[in-house]
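Protein chains: 2
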Amino acid sequence: ESWRLLDALELQRFILADPEVAVEEIMDHTYAYLSAYDDREQAVLAIERYDLSALPVINSDGVLVGVVTVDDVLDVAREEATEDFQKSAAVAPLKMSYRDTSVLQLYRKRIGWLVVLVLISLLSSSVIAAFEETLAATLALAFFIPLLIDSGGNAGAQAASLMIRDLATGEIEPAQWAKIMLKEISQGLLLGAAMGVAAFVLGYWRAGAQVGLVVSFSMLVVVLVANLLGILLPFLLTRLKLDPAVASSPLITTLVDSIGLLVYFTIATSLLK
Amino acid sequence: ESWRLLDALELQRFILADPEVAVEEIMDHTYAYLSAYDDREQAVLAIERYDLSALPVINSDGVLVGVVTVDDVLDVAREEATEDFQKSAAVAPLKMSYRDTSVLQLYRKRIGWLVVLVLISLLSSSVIAAFEETLAATLALAFFIPLLIDSGGNAGAQAASLMIRDLATGEIEPAQWAKIMLKEISQGLLLGAAMGVAAFVLGYWRAGAQVGLVVSFSMLVVVLVANLLGILLPFLLTRLKLDPAVASSPLITTLVDSIGLLVYFTIATSLLK
Numbered sequence: 262e263s264w265r266l267l268d269a270l271e272l273q274r275f276i277l278a279d280p281e282v283a284v285e286e287i288m289d290h291t292y293a294y295l296s297a298y299d300d301r302e303q304a305v306l307a308i309e310r311y312d313l314s315a316l317p318v319i320n321s322d323g324v325l326v327g328v329v330t331v332d333d334v335l336d337v338a339r340e341e342a343t344e345d346f347q348k349s350a351a352v353a354p355l356k357m358s359y360r361d362t363s364v365l366q367l368y369r370k371r372i373g374w375l376v377v378l379v380l381i382s383l384l385s386s387s388v389i390a391a392f393e394e395t396l397a398a399t400l401a402l403a404f405f406i407p408l409l410i411d412s413g414g415n416a417g418a419q420a421a422s423l424m425i426r427d428l429a430t431g432e433i434e435p436a437q438w439a440k441i442m443l444k445e446i447s448q449g450l451l452l453g454a455a456m457g458v459a460a461f462v463l464g465y466w467r468a469g470a471q472v473g474l475v476v477s478f479s480m481l482v483v484v485l486v487a488n489l490l491g492i493l494l495p496f497l498l499t500r501l502k503l504d505p506a507v508a509s510s511p512l513i514t515t516l517v518d519s520i521g522l523l524v525y526f527t528i529a530t531s532l533l534k
Numbered sequence: 262e263s264w265r266l267l268d269a270l271e272l273q274r275f276i277l278a279d280p281e282v283a284v285e286e287i288m289d290h291t292y293a294y295l296s297a298y299d300d301r302e303q304a305v306l307a308i309e310r311y312d313l314s315a316l317p318v319i320n321s322d323g324v325l326v327g328v329v330t331v332d333d334v335l336d337v338a339r340e341e342a343t344e345d346f347q348k349s350a351a352v353a354p355l356k357m358s359y360r361d362t363s364v365l366q367l368y369r370k371r372i373g374w375l376v377v378l379v380l381i382s383l384l385s386s387s388v389i390a391a392f393e394e395t396l397a398a399t400l401a402l403a404f405f406i407p408l409l410i411d412s413g414g415n416a417g418a419q420a421a422s423l424m425i426r427d428l429a430t431g432e433i434e435p436a437q438w439a440k441i442m443l444k445e446i447s448q449g450l451l452l453g454a455a456m457g458v459a460a461f462v463l464g465y466w467r468a469g470a471q472v473g474l475v476v477s478f479s480m481l482v483v484v485l486v487a488n489l490l491g492i493l494l495p496f497l498l499t500r501l502k503l504d505p506a507v508a509s510s511p512l513i514t515t516l517v518d519s520i521g522l523l524v525y526f527t528i529a530t531s532l533l534k
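Going line by line, the protein sequences match chains A and B. The first sequence begins at 262 in the working numbering and counts up by one. The second sequence begins at 262 in the working numbering and counts up by one.
Because the hints were derived from the structure by calculation, they are not lab data. Everything numeric in this text was worked out from a predicted model, so none of it was measured. Worth double-checking, as some hints may not be accurate.
No copy labels: a pair is met if it fits in one copy or bridges any two.
[To be verified] Calculated lysine-lysine pairs in the DSBU-like style (CA-CA distance at most 35 Å, straight line):
hint: 1; residue 1: K356; residue 2: K502
hint: 2; residue 1: K370; residue 2: K356
hint: 3; residue 1: K502; residue 2: K440
Model the full assembly from the supplied sequences, consistent with the hints where possible.
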């Protein structure tokens, strides 16, 4: 069965070779292989990297124990991408098709993260409660709560998703975090500045120049911080040997909300005397 | 070059065939093929479905014009999944690796959706402004704004991501929307009930039984509505010949926020006289 390892081109070399020549003389002496103990994602990365149609699998003694072919790898790549998709939306991987998953099973895959996120949301409630006086004095501040926390969450979710996917496909190495962070500080400043201008216009229009300034400056800080959190959390999870996809859009959004509110009300309290 | 279409097993049939036999006698008469005008995602789905290592490509006259092999398909499947990942986080597809994308290019891929989402957030601001009197009368209502809108957004993002991925991989057909909607109404009720209980505990603890009831009932409605929106929007986009992945987590979150606030303040205004 070992000839099955070869692709059509290699088979042609065999067929056209002199029948007297031994296999040893026409084989490659350097080759890629997988260990039977590798994660199945390793098989996807190796087959993609070397553009091969099959890879030999060896055990810890170097004994050939099997073959992984590209069609198996295509299925694995698809399943892994689906799992990462689900994780990035704070759904525990279904491990089967949506159609075959019952309502109760789906419920179990979804309620866990939703409840954890409710607990994280408590931070946001506490921040607003702590600044109750500021809010009572300028009720218009409440109008901009969704604007600020949505924008922060959205920017953070963008950043986290870019990192999660590129860490999963090997486009980005965990060791590159510092270089990427520097790139994303300028990215966050650019995005924050543009969003800050938009926020000033809206704040000014609804509640005057002072509130406009508070909303605008808060937006800049929130987008900058959210972007950095979105970049760093997937790397931190990788460092902790956890799946970076845990830094789902919902988790980033919910975390950023409490930070954003703290920034917003702190700025509002000091600027709106 | 046409023998390249064959996999190792088929080649074996040739090698072991009587040299006098014509190809016609050993070939398959039914076969899968691609049109040169198919979307490249079709190639991924076909190779996955038939577990083949290569597919012939024909033009509109049925003339064989080329071959798609499984290693090309693996690359395409990976790129398509990456694009869907980016779209699902409201990032315009980068079309190149993150490393090769400059800060300015990244900015352009991200700012568009962020600004659109700011405009959608205005709905949320308007809702809060419209209920300013209710909020002034019971300021504690503000504490639960992040809790409610985060929870709605999270449940909606979960639902949308499940649909987007399954529509992209063909696990779910667009025609199945009504059946899935029915399944998701019970799903939304289950999730909403559990989240409503959690919301009651938090509301009661922070602001007493009346506010607790308002928060709890709002949570049930928000989660139910968010879940349905998350399910239906990807199908609606498909029906409009748009990419379902446009129903990104940030878009769902931002849309759900305004609906959630409307539900919350309407219930609060009628219950808290």
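Outcome of the hint check:
1. When the C-alpha separation of K356 and K502 is checked against a cutoff of 35 Å, the pair qualifies both within a copy, at 21 Å, and between copies, at 29 Å.
2. For a Cα distance limit of 35 Å, the shortest separation of K370 from K356 qualifies both inside one copy, at 10 Å, and across copies, at 32 Å.
3. In this assembly of identical chains, the alpha carbons of K502 and K440 lie at most 35 Å apart only when taken from the same copy (21 Å versus 40 Å across copies).
When the structure is compared with the earlier hints, no violation turns up for any of them.
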